[in-house]
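Colleague: Now for the letters of each chain:
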Amino acid sequence: MLRLTLAVARKDLSLTLWRGNGLMQALLLGLLIFFVFSLSQEVGENLSPQSAAAVFWLSSTFCQVLIFNQLYALEEVNNSRLGLLLSPAPIPAVWLGKAIAGFILLLFAQLLFLPAAVVFLGQSLHGPLPPAVAILLLADTGMCALGSLLGALAQGQAARESLLSIVLFPLLTPLLLAGIGVGAQIFGNPSPNGPGAWMGIACAFDAIFLATGLLLFSFIYAGEE
Amino acid sequence: MRSLSIVPAMLVLSGSLTFACCQWLIYSYAPTEATMGLTQKIFYIHLPLAWWALFSFFLVFVGSVSYLLKRAPGADRLCAAAAETGVLLSGLALVTGTLWARKAWGVWWTWDPRLTTTLIMWFIYAGYLVLRGLNPPPQRKSLVCAVVGIAAFLDVPLVFVSARIWRSIHPAVFAAKDGGLEPEMKLTALGCVVSFGLFWAGLLWLRKRQLDLRDRLDTLASAAQQQ
Chain A
5 MLRLTLAVAR KDLSLTLWRG NGLMQALLLG LLIFFVFSLS QEVGENLSPQ
55 SAAAVFWLSS TFCQVLIFNQ LYALEEVNNS RLGLLLSPAP IPAVWLGKAI
105 AGFILLLFAQ LLFLPAAVVF LGQSLHGPLP PAVAILLLAD TGMCALGSLL
155 GALAQGQAAR ESLLSIVLFP LLTPLLLAGI GVGAQIFGNP SPNGPGAWMG
205 IACAFDAIFL ATGLLLFSFI YAGEE
Chain B
27 MRSLSIVPAM LVLSGSLTFA CCQWLIYSYA PTEATMGLTQ KIFYIHLPLA
77 WWALFSFFLV FVGSVSYLLK RAPGADRLCA AAAETGVLLS GLALVTGTLW
127 ARKAWGVWWT WDPRLTTTLI MWFIYAGYLV LRGLNPPPQR KSLVCAVVGI
177 AAFLDVPLVF VSARIWRSIH PAVFAAKDGG LEPEMKLTAL GCVVSFGLFW
227 AGLLWLRKRQ LDLRDRLDTL ASAAQQQ
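Each protein sequence line maps, in turn, to chains A and B. Using my numbering, you'd call the opening residue of the first sequence number 5 and step up by one each time. Using my numbering, you'd call the opening residue of the second sequence number 27 and step up by one each time.
Here chain A stands alone, though its shape is the one from the complex:
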């Protein structure tokens, strides 16, 4: 299954990065969010670390919605979904493959969002970096596991982006709180509790939704429109 999973991920990454707009739409939306929030600051004033972390994760979440819509839209043309379903890959391999592709694309986008937070929102990195990197990877894992599961639900629907957003955003709340909590510490708002509790939440979220995705994806990824 792993070989087929990687094949799906490689296919999605190639099609997304080397064809059409690629990741441009998702990146532009994320950067625009940073720019718009920078307007809330007076001249010489900086956004609080917690607000800056919230903007970072807001951009990431919108970006993730666009990424997974794009990944699932790849198979919308020419009934390619049927081709994918008829391939010898087990259906959960499609879910995992798209989750891995989405994870790489989201991480790439966040590498651009981080400097945007420093430049537009006047932040600087204060806290220890290992917990920040760990929570980033854990939160992205959960976001992509759930995004890949629910990305398929909007297939064939008009207004896919808004549909996915209203279903996905509330479900991501624990991860967003974890990301914002640790992000605020990294941007210079130390917490007496440290990042440990948030790591636990993010790990629990990842475990639950990786298992859920593996079990339930086959039910919603089907041939009909």
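Keep in mind that a hint or two might mislead.
The calculated label-pair distances, taken between Cβ atoms and stated as ranges, are [to be verified]:
#, chain 1, residue 1, chain 2, residue 2, range
1, A, Leu111, B, Gly159, 30 to 36 Å
2, B, Arg242, A, Asn197, 54 to 60 Å
3, A, Leu6, B, Ser42, 55 to 61 Å
4, A, Pro134, B, Ala98, 46 to 52 Å
5, B, Ser31, A, Asn197, 52 to 58 Å
6, B, Leu246, A, Gln29, 43 to 49 Å
7, B, Val156, A, Leu19, 26 to 32 Å
8, A, Gly26, B, Thr65, 53 to 59 Å
Think of the hints as simulated: they come from the structure by calculation, not from any bench. Computed from a predicted model, the values in this text were never measured in an experiment. Even glycine gets a Cβ: it sits at the ideal position worked out from N, Cα and C.
Given chain A, work out where chain B should sit, using these hints.
Modeller: Only chain B this time, still in chain A's reference frame:
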């Protein structure tokens, strides 16, 4: 044709009557709280709304699992009825909660775990109802909704714990070691929960029956069109 059962109507009626009787418990039997005064009485409506909303969402979860295992359309309609009832009750719980928060804590809203969890649940299941309002083939819609119904309920404990780490000021009314409530208050609250439960069961049953009848009519209409 089978006549429709009167049980749901009886449940709604008995729930309404017992809740009317509970008003005596609320205003005459239960003591008035020392610091909040009459505003504390909101609690006797807020608590049953929140509990039965949560139970409705649990039913969505159970119905969703059942649908995925057996593909019974009745389970899907139960999920629809429970989600609608849950969204209605959690919406009312949020309204009564904000009124309470204004008086007790001086703010309309605070990021307390229980309030936050109720709000997030409301958002999740309102999104679920939007999904149910779409028009894909019925079986696909039921499958998608079942998957979302399961994912949504699995998320609830995580939302609660994460919101508790974020910050908390909610009173622990039943879980506190000293009880948190006077015995008279506890009895009144339990009376309200039971009477609301009867009303809730009747409401859910009626809505499920409406959906069953709509489904039957749709089937008859499509059969008539094919002839």
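Colleague: Please go over all the hints and tell whether each is borne out by the structure.
Modeller: Checked hints:
1. For the hinted restraint 30 to 36 Å between A:Leu111 and B:Gly159, the CB-CB distance of approximately 35 Å keeps it satisfied.
2. Taken as a hint, the range 54 to 60 Å holds for the pair B:Arg242 and A:Asn197, whose Cβ atoms sit roughly 56 Å apart.
3. Taking 55 to 61 Å as the suggested C-beta distance range, the pair A:Leu6 and B:Ser42 conforms, at roughly 59 Å.
4. In this structure the supplied range 46 to 52 Å holds for A:Pro134 paired with B:Ala98, their Cβ-Cβ distance being about 50 Å.
5. Hint check: B:Ser31 to A:Asn197, Cβ distance near 54 Å, so the stated range 52 to 58 Å holds.
6. Separated by about 46 Å at the C-beta atoms, B:Leu246 and A:Gln29 satisfy the suggested range of 43 to 49 Å.
7. For the hinted restraint 26 to 32 Å between B:Val156 and A:Leu19, the CB-CB distance of approximately 30 Å keeps it satisfied.
8. Against the hinted window of 53 to 59 Å, the Cβ-Cβ separation of A:Gly26 and B:Thr65 comes to about 57 Å, which satisfies the hint.
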